Amino acid sequence: MLDSRGLLTWGTSLVAAAVLAGCGSTSLNKAPVEDRGSSAGRPSATTSATGTAKVDPATLPGAENAGKPGYYTVKPGETLMRIAMEHGQSWKDIARWSNLENPNVIEVGQVLRVVPPTSSVVTQPAPAAPAVSGSASTAAATPAPVPSPAPAAAEAPAAADNNVGFIWPSSGTVIAGFDDSRNKGLDIGGKAGDPVVAAADGRVIYAGAGLRGYGNLILIKHNNTYLTAYAHNQTLLVKDDQVVRKGQKIAEMGSSDADRVKLHFEVRRQGKPVDPSRYLPSR
0 MLDSRGLLTW
10 GTSLVAAAVL
20 AGCGSTSLNK
30 APVEDRGSSA
40 GRPSATTSAT
50 GTAKVDPATL
60 PGAENAGKPG
70 YYTVKPGETL
80 MRIAMEHGQS
90 WKDIARWSNL
100 ENPNVIEVGQ
110 VLRVVPPTSS
120 VVTQPAPAAP
130 AVSGSASTAA
140 ATPAPVPSPA
150 PAAAEAPAAA
160 DNNVGFIWPS
170 SGTVIAGFDD
180 SRNKGLDIGG
190 KAGDPVVAAA
200 DGRVIYAGAG
210 LRGYGNLILI
220 KHNNTYLTAY
230 AHNQTLLVKD
240 DQVVRKGQKI
250 AEMGSSDADR
260 VKLHFEVRRQ
270 GKPVDPSRYL
280 PSR
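Numbers 0 to 282, taken from numbering that gives the first Met the number 0, label the letters of the sequence shown in order.
Among the hints, a few may not be true.
As the list claims (entries may be wrong) - Think about it this way: if two alpha-carbon atoms lie no more than 30 Å apart in a straight line, the pair counts; the simulated DSSO-like pairs of lysine-lysine are: (1) K248 x K238; (2) K190 x K248; (3) K220 x K183.
Simulated from the structure, these hints should not be mistaken for laboratory data.
Since we're looking at a predicted model, the values are computed, not measured.
Start from the sequences and build out the full structure, keeping to the hints where you can.
Spelled out as structure tokens, the structure:
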């Protein structure tokens, strides 16, 4: 039998246990962090290759192409978006060339095709369907075009690719120059809402906020050699796959994922950042 003192002690213990149990259940059922930087059908900024499980590299997709020209082996922490930018390609193209069922899921050791399949589909637009459905390994096994016309077909675009004729993407003052180790482009100052224009004719291969460190970003592919990047925008005025013209307003300057209002502008030659000032007209 419990006296009033015993009942009080017992009741206090029950309350304490309930509180502890409540705290425990709250901790266990805490909702995961929501990724607000991605959208349906687009690689997430936080979805990257992870090496948590030991997998035999020989069993991963595309393993038979490891080390071959035109292919890339995924490293820990990489995203499809980052890989695409580093190779001057659209992530959609790499996903298609590599037969990725889900572009949000790539694995360490997986081999991706990062250049167009070397078949007649590349130079002859009419039979485009095989390029979409063919896998990287199938395309690699496709017989090469007849040798005689190949050199001419390869040389013509290469010469044209160097005549892009870039213009300045903003009228602001350069506040930080190119530094290969610390700044992959030019930082141009200005006010929030200042116009950002396309530096040359091209096609938008990405418009969004899916690449960490760049904020609201636009990537424009001008040809097989050059790509430009426009980062930290306040507003994006173009969308994926849209064709743009030199001088066309594509965004408004902002400070997304940056410490101040600015435009971070990059020129990439075959995916590698180069000093934009070498390609822009003098002011």
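Results of checking the hints against the structure:
no. : hint        : in the structure
1   : K248 x K238 : holds (12 Å)
2   : K190 x K248 : holds (15 Å)
3   : K220 x K183 : holds (17 Å)
Every hint from the earlier list agrees with this structure, and none is contradicted.
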